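J.: Chain by chain, the residues:
Protein chains: 2
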Amino acid sequence: MKKVVLMMVCLMSVVFALAQSKYPTADVEKHDVAILVIDMQNDFVDPRGVLCVAGAKATIPTIQDLIKYGREKNWKIVYLIREHHRSGVDVDAPRIPLFTKGKGYCVPGTWGGDIVDGLKPEKNDLIIPKTRNSGFFGTQLDLVLRRMGVKTVILAGTQYPNCVRGTANDAMSYDYETVICTDACSAKTPEVAASNIFDMKNMGIKCISLDKVRKEY
Amino acid sequence: MKKVVLMMVCLMSVVFALAQSKYPTADVEKHDVAILVIDMQNDFVDPRGVLCVAGAKATIPTIQDLIKYGREKNWKIVYLIREHHRSGVDVDAPRIPLFTKGKGYCVPGTWGGDIVDGLKPEKNDLIIPKTRNSGFFGTQLDLVLRRMGVKTVILAGTQYPNCVRGTANDAMSYDYETVICTDACSAKTPEVAASNIFDMKNMGIKCISLDKVRKEY
Numbered sequence: 001m002k003k004v005v006l007m008m009v010c011l012m013s014v015v016f017a018l019a020q021s022k023y024p025t026a027d028v029e030k031h032d033v034a035i036l037v038i039d040m041q042n043d044f045v046d047p048r049g050v051l052c053v054a055g056a057k058a059t060i061p062t063i064q065d066l067i068k069y070g071r072e073k074n075w076k077i078v079y080l081i082r083e084h085h086r087s088g089v090d091v092d093a094p095r096i097p098l099f100t101k102g103k104g105y106c107v108p109g110t111w112g113g114d115i116v117d118g119l120k121p122e123k124n125d126l127i128i129p130k131t132r133n134s135g136f137f138g139t140q141l142d143l144v145l146r147r148m149g150v151k152t153v154i155l156a157g158t159q160y161p162n163c164v165r166g167t168a169n170d171a172m173s174y175d176y177e178t179v180i181c182t183d184a185c186s187a188k189t190p191e192v193a194a195s196n197i198f199d200m201k202n203m204g205i206k207c208i209s210l211d212k213v214r215k216e217y
Numbered sequence: 001m002k003k004v005v006l007m008m009v010c011l012m013s014v015v016f017a018l019a020q021s022k023y024p025t026a027d028v029e030k031h032d033v034a035i036l037v038i039d040m041q042n043d044f045v046d047p048r049g050v051l052c053v054a055g056a057k058a059t060i061p062t063i064q065d066l067i068k069y070g071r072e073k074n075w076k077i078v079y080l081i082r083e084h085h086r087s088g089v090d091v092d093a094p095r096i097p098l099f100t101k102g103k104g105y106c107v108p109g110t111w112g113g114d115i116v117d118g119l120k121p122e123k124n125d126l127i128i129p130k131t132r133n134s135g136f137f138g139t140q141l142d143l144v145l146r147r148m149g150v151k152t153v154i155l156a157g158t159q160y161p162n163c164v165r166g167t168a169n170d171a172m173s174y175d176y177e178t179v180i181c182t183d184a185c186s187a188k189t190p191e192v193a194a195s196n197i198f199d200m201k202n203m204g205i206k207c208i209s210l211d212k213v214r215k216e217y
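Line by line, the protein sequences are chains B and H.
Under the numbering used here, the first residue of the first sequence carries the number 1, and numbering increases by one thereafter.
Under the numbering used here, the first residue of the second sequence carries the number 1, and numbering increases by one thereafter.
Bound conformation, chain B alone (with noise of 0.2 Å):
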């Protein structure tokens, strides 16, 4: 009988200590806020890219003194690159000619697809490649943010009208806080980043410069 009970005992304490075992998301890392860098790859920001973006080279050290603050606040950093099958297969449709009538873009092993000089990834930061405008777009961003409990985003790269605004949008349509360094992102002339800095701002996603990013986070 003593057995019995010595038994059910420690039966209970399983059951017990598995019921109070948290979900294994609770044991990744945390990040609050993470910093997505866009596009920042030889082809579009070297002035020998294929789709050199005009401003997008002066934003480099800007875009380190961004993440070096991240880093210091313990904010995720994860850059987001175009990564495209030389065949052109996996490319926006308007862009196809420049693979089967060119070399292409962002093609993964040339120097344009390179993430550029001044911004390599450190070990712990993550690459996520992607074949749209939108970061988010059949990608396993929104996932990764999810798990890693990020709240607020801050985006930096090139260009605005196109990978940063879409990635935007859909960071706002993800619920993240949605936040723009201004002066971290680029486009080919300032009207262009002008206009769009207005559209975004209207849509409420908050368009601010380093400055205000580090008294605000």
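Source of the hints: derived by calculation from the structure; they are not laboratory data.
Take the hints with a grain of salt, since some may be wrong.
Given that identical chains are not distinguished, each listed pair holds provided it fits within a single copy or across any two copies.
Claimed, not checked - Computed cross-link-like contacts, DSSO-like style, restricted to lysine-lysine with a CA-CA straight-line distance of at most 30 Å:
#	residue 1	residue 2
1	K201	K212
2	K3	K188
3	K22	K101
4	K188	K120
5	K3	K57
6	K206	K188
7	K206	K73
8	K212	K188
9	K206	K103
10	K22	K212
11	K201	K57
12	K212	K2
13	K188	K201
14	K22	K103
15	K215	K103
16	K212	K101
17	K101	K215
18	K68	K103
19	K68	K123
20	K68	K101
21	K101	K206
22	K101	K201
23	K22	K188
24	K151	K101
25	K103	K151
26	K101	K30
Only a predicted model underlies this, so the values are computations on that prediction, with no experimental measurement involved.
For chain B, the structure is supplied; the task is to place chain H on it using the hints.
T.: Okay, now just chain H, sitting in the frame of chain B:
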């Protein structure tokens, strides 16, 4: 022996018929083109609406003409509409105060959520509710367009920087030929319309007037 041969012939006929049967998606209605009429609801179009877009009302006659042309060409007419719960639980985060501190907008069953007079859907049109800028976000839009064999989407409605552009960007991402019928879309100001058309053209989205739609499609 004769019976066995007869049975085998019957059996083979059945197998052959089954092998030839089409996949059921082949039997739904087919359309090359769909017109997406975006957010033409009282809250966005009528001056008494909660979020009235200044340019929207003036586009009603052009949208009527576009739809009339589309019906003649056997295009599918799809109405994308905002629908939000009175609590605001399903609205874009920056707009939550409109629900918690006000009466909200585009709540089903209210005048504000109704499609405007002059653009009431017909029986075979599709009405797809959405809760974000893009008509593709969390909706069945891509699934139904795919099933009907739609290759080209022509966008009409309001407003340029938010729901028109968000839907256009996703349509392009999903590989639809994406056309903005420029005089059937609207914004708060002509400048906002112009800068969005400029950006979308650069993305590879076709931005043309109804006259040109009639000539090219």
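J.: Using 30 Å as the alpha carbon limit, work out where K151 and K101 are close: within a copy, between copies, both or neither.
T.: Only across copies: K151 and K101 sit 23 Å apart there, 43 Å inside one copy, limit 30 Å.
J.: With identical chains, the pair K3 and K188 could be close in the same copy or across copies; at 30 Å between alpha carbons, which is it: within, between, both, or neither?
T.: Classified as neither: same-chain Cα gap 79 Å, cross-chain 80 Å, threshold 30 Å.
J.: Within a copy, between copies, both or neither: which one fits K103 and K151 at a CA-CA cutoff of 30 Å?
T.: between (39 Å within a copy, 27 Å between copies)
J.: How would you label the pair K101, K206 (within, between, both, or neither) given a Cα cut-off of 30 Å?
T.: Only across copies: K101 and K206 sit 21 Å apart there, 40 Å inside one copy, limit 30 Å.
J.: Taking 30 Å as the upper bound on the Cα-Cα distance, should K68 and K123 be classified as within, between, both, or neither?
T.: within (14 Å within a copy, 58 Å between copies)
J.: Between copies, within a copy, both or neither: which fits K101 and K201 at Cα up to 30 Å?
T.: Close across copies (21 Å), not inside one copy (38 Å); limit 30 Å.
J.: Check K212 against K188 for me: Cα-Cα at most 30 Å, and say if that holds within a copy, between copies, both or neither.
T.: Answer is both: 24 Å inside a copy and 29 Å across each meet the 30 Å cutoff.
J.: At most 30 Å between alpha carbons: which applies to K101 and K215, within, between, both or neither?
T.: between (48 Å within a copy, 28 Å between copies)
J.: Tell me, please, which holds for K22 and K103 at an alpha-carbon limit of 30 Å: within, between, both or neither?
T.: neither (50 Å within a copy, 40 Å between copies)
J.: Are the CA atoms of K22 and K188 at most 30 Å apart within a copy, between copies, both, or neither?
T.: neither (49 Å within a copy, 50 Å between copies)
J.: From the Cα coordinates, with 30 Å as the cut-off, is the pair K68 and K101 best called within, between, both, or neither?
T.: neither (40 Å within a copy, 39 Å between copies)
J.: Check K206 against K103 for me: Cα-Cα at most 30 Å, and say if that holds within a copy, between copies, both or neither.
T.: between (37 Å within a copy, 25 Å between copies)
Hint compliance for this structure: hints 2, 3, 5, 10, 12, 14, 15, 18, 20, 23 and 26 are broken, all remaining hints hold.
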